[in-house]
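Visitor: Chains as they are written, first to last, in the numbering used here: chain A, 1 to 882; chain B, 1 to 113.
Derived from the structure by calculation, the hints contain no laboratory data.
Do not take every clue at face value.
[As the list claims (entries may be wrong)] Examples of chain B residues lying across from chain A (beta carbon under 8 Å, computed): (1) Q45; (2) Y50; (3) G60; (4) T63; (5) R73; (6) T74; (7) Y77; (8) R79; (9) W95.
[As the list claims (entries may be wrong)] Calculated pairs, EDC-like style, for lysine to aspartate or glutamate (alpha carbon to alpha carbon, straight line, at most 20 Å): (10) A/K64 with B/E70; (11) A/K332 with A/D157; (12) A/K552 with A/D731; (13) A/K332 with A/D166; (14) A/K159 with A/D183; (15) A/K149 with A/D336; (16) A/K64 with A/E33; (17) A/K64 with B/E65; (18) B/K39 with A/D38.
Ideal Cβ positions, reconstructed from N, Cα and C, are used throughout, including at glycine.
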Amino acid sequence: MTLWSRLRSWVQAMLRRSRMESEMDAELRFHIEEFAEDLVRGGLSRQEAMRRARMEFGGIERAKEECRNERRVSLVDSLMQDMRFSVRQIRRNSGFTLAVAITLALGMGANTAVFSVLHTVLLRPLPYRDPNRLVTVWQENVQRQQLDKATVADFNDWKTRNRVFDDLAFSWDAAYTLTGPGDSQSVMGYQFSANFFSLLGARPLLGRTFLPEEGTQGRDHVVVLSYQFWRNRFASDEDVIGRTIQLDGDHYIVIGVMPSDFGHPSAGTDIWTPLPFPVELLENRRLHVFQVIAKLRSGVRLAQAQQELESLAQENARRYPQTNQHWGIQLKPIRDTYTGNVRPALWVLQAAVLFMLIIACANVGNMLLARAGTQEREVAVRLALGASRGRLFRQFLIQGLTLAVMGTGAGVLLAWWGVQVLPLMFKAQLANLPLPARASGWMNWPVLLLTVAITAMTSLIFGAIPAFHNPSRSSETLNISSRATIERKSALRIRRVLIVGQMALSLLLLVGSGLLIRTFLRLQARSLGFETDHLLTCVFSLPPNRYPNVSKTGSFLEQVLARIRVLPGVESAGGINTLPLSGMDARRPITVPGVLDDSGQQNVAQFRVVTPDYFRAMRIPLREGRFFDERERVGSPPVAIVNQKLAGLLWPHLNPIGQHILVPDAAIPLLTEIIGVVGDVRHAGLASEPPIEIYRPAYQTYWPFFGLVIRTSLDPERLAGAIRQAVQSVDKDQPISSLRSMDALATDSIALRRSSMLLLMLLAGVAVLLASLGIYSLISYTVILRTHEIGVRIALGARHRDILKSVVGQTAFLALIGMAIGLIAALNLTQFLSSLLFGVTATDLKTLLLAMTVMMAVTAGAAYMPARRATRVDPMIALRYE
Amino acid sequence: MDKPLDLLQSRLDRLMRTAVSLGSLSAYGMLLGIQQISKNRLEIQQGPVYPALYRLDHRGRITSEWDESENNRTAKYYRLTAAGMRRLQTEVEKWNPIADVIAGIPGTTPEEV
């Protein structure tokens, strides 16, 4: 059937039906009037005759309905009728329907979105063979409680003396500049030991990964490309295998391309080259250079391996106290490399949305139970008037279905929006993981299907409940006055339990978000030690083959900064090897000559290499002495600036200016004079403590990569193009990357806590709102049920206070029980938030009290409105309903 | 799908058909007719007549048309169709023997069994 003919037949059916209706009316009117006329002839008055005629005829509407049934008005027609009926019902109860649909949608959408993201980030299988047996191995400085990479000598010990691993592999990062073919570009490279890919069990998309012999000097000029890099730089050309590319001027043969879901150690890695074992470092236990992965022997648990390596570390600590004292070992599942600290945040979020779902379900149940009470009467009346049970059932089912369509529709939209927004909120934290580009890649379809099914079933079942009216109760139901609804003891009991649960969970969420808010406020109140606004940053690496020494790197920096400084809108500009908030880090051991270091451990300070204007551009204050200036060149006496913390540590009672320390420069300890002391900087973000720092002048010390900080009077992002040009005008083959404002870096550094806080606040807000709705409706319901009784009480002289107490009393008691349970739960559960907290403990008393106060205020507000209505019951009106 | 007709309903249908077989009648006229034929012994509820008529109409046993009544009102008149007539015939043939049997029962004495 074509659409047109279908439409025509539908229109005809509609016309036929309306004709049938009018004919039926006319026919019945004729019948009654004829009958009445006969009665008039029999001697009755006209009015009385009409009355008698109607009475003797019986139910006119019922006759009509049966006639319609006889004509077998098509199924479509009656469905349409039911649909119109349910739309009317919904319009009549629009507030109720909307509330149920929104609650369902919220519960369903939020859970689907959060679980989809959680699954993609934390649960999705990694593209490796036996990913559960893969671990990363770290050395841990027990004193500083800090994980570090492994030294080559320690790695060698693990490799030769462990009995828990199948094998170990090592890697380190290697920033390259791709110089050909095409434009030069800095690429994020990683050097993998030859067995790294095979240990992971990662298969290439094209070509192959490293052969064992490619891990030896001279045969190592091969490269594996990441999917992203292959797509962007080589336009997904499959003939790339076998081609030669230039990295830092050296020729490398492309041997393979990895699939899009591979990205070790982070999704931003562009290329991988082989890393021959660095024999020159074989005895070195000072330089922590290796990122190590290992594969557990089948059947060996992580804790077991941890224990065995721990004992190895203790043995080494005894044998090499100079270097290995205070060093332990940490094993971590390989997934932690990619998910880091976003893991607890996501689980907390998942728990929170689950709580919200429970609250939402409790609320929907609450509302539907309340309505079932009022609808019971409607059903009884309709059954008594001769409605067929099947038809009734179908109508309620359609009502439920309408609810389901609205709820799941909105829920799917919310979920779809959520899987796009959530990854953006945690963007900085998810940077390590290869992530789906589109929302459809994030969406967990089975879970979406499941939640849609659950939501639909819920609304259908609850929608149809009134149709299961027990006919034996009919007369009882019909006897109840029209205002009152039927009080079902069991329904009321369920509603009370629901209120207790809602209150408990809402308080829990409120405490959680309160803790995060306080964390955030604490962080905001802190200072980074420099000013982030109007500051543009970028980073670049200087390939050693073109910039092999300090005079080359120094003159490059000097020229670039000179050109940047004259740009309009630039106030000052400086360079540093490890840009704060960028995650970059460099450490050097320092000693003070003549001072005995009885711990056997040197002080390890953050090692900064800066240009003279760096401090001015960052607005890091000078505390004593002077900044670097033109005097610090190659060949001039070595000098350094330390931060306040290091000065206080080394010379608590002396003037640091003019003191000397030993700090390695290119592995040779160099006697260096302190010329200044500057303010402390929270290098790793607001939540971190300032490290001890030593600054060396960039024109005196070699470093192969730098970050620039440019203080501007304009919006810093607008200068990005000019900065790029300035760098390229000095060296056209020198790419720069990560052009970002320092404000953006600062935002990223607190994004995890801020996003968690915002989301938890939102969830707690919704939860409290739902809980107060629950309280409101329960009290409204009791007030309506007891209107008569309240009227009697008022008539007998009860005071407002007594009425309030009798109406609110029980609900208030329930709310208090709920809050008590919530409090106990909060004390036990907020510890899972600890890793997100800062400056507050998980059992912070102030937060608990504040959350309780908010909860009580909201509850009191929700209870007050209906309770006030109770005190205004007019006894005359209330008593008339009998 | 046909609903199984209960005894009352089928009897009413037959009555209506018999009434209609007498000529073109309105529903009200039919009720009066049945009362006359049964000499007021059959009390038929008025409401259910209409569904019965609609049912017969739907099955093609009767047809209807609108016409002027004696009092110049428009009324709907029903008439048996050929199919309705055939059906009536077969049912009468089936009914008469049963009616005879039933009519005979009250007068039967124990000796006759």
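Visitor: With reference to the structure, classify each hint as holding or not holding.
Guide: Comparing the hints with the structure gives:
Of the supplied interface hints, the one on B/Q45 holds, with its beta-carbon coming within about 6 Å of a beta-carbon of chain A, less than 8 Å. Interface restraint check: B/Y50 against chain A, minimum CB-CB distance 5 Å, threshold 8 Å, status holds. Interface restraint check for B/G60: the shortest CB-CB distance to chain A comes to about 13 Å, outside 8 Å, so the restraint is violated. Against a cut-off of 8 Å between C-beta atoms, the interface hint on B/T63 is violated, since the closest Cβ of chain A lies about 14 Å away.
With a least beta-carbon distance of about 6 Å to chain A, the hint placing B/R73 at the interface is held under the 8 Å criterion. This hint holds: B/T74 has a C-beta 7 Å from the nearest C-beta of chain A, less than the 8 Å allowed. Here the hint on B/Y77 is broken, as its CB sits about 10 Å from the closest CB of chain A, past 8 Å. Nearest Cβ of chain A to the Cβ of B/R79: about 15 Å, over the 8 Å cut. The hint is violated.
At about 23 Å, the closest approach between the beta carbon of B/W95 and any beta carbon in chain A exceeds 8 Å, and the interface hint on this residue is violated. This hinted pair does not check out: A/K64 and B/E70 have alpha carbons roughly 25 Å apart, beyond 20 Å. With a C-alpha separation of about 19 Å, the suggested pairing of A/K332 with A/D157 holds against the 20 Å cut-off. The hinted pair formed by A/K552 and A/D731 meets the criterion: a straight-line CA distance of about 12 Å does not exceed 20 Å.
Taking the CA atoms of A/K332 and A/D166, the gap is near 16 Å; set against the 20 Å cutoff, the hint holds. Annotation: proposed proximity of A/K159 to A/D183 is violated, straight-line Cα distance about 42 Å (limit 20 Å). Distance hint between A/K149 and A/D336 is fulfilled; the C-alpha atoms sit about 15 Å from each other, no more than 20 Å. As the CA atoms of A/K64 and A/E33 are separated by approximately 17 Å, the hinted pair is consistent with the 20 Å bound.
With a CA separation close to 19 Å, the supplied pair A/K64 and B/E65 stays within the 20 Å bound. At most 20 Å may separate the alpha-carbon atoms for a hinted pair to count; B/K39 and A/D38 meet this at roughly 18 Å.
Of the numbered hints given earlier, the model fails hints 3, 4, 7, 8, 9, 10, 14; all others are met.
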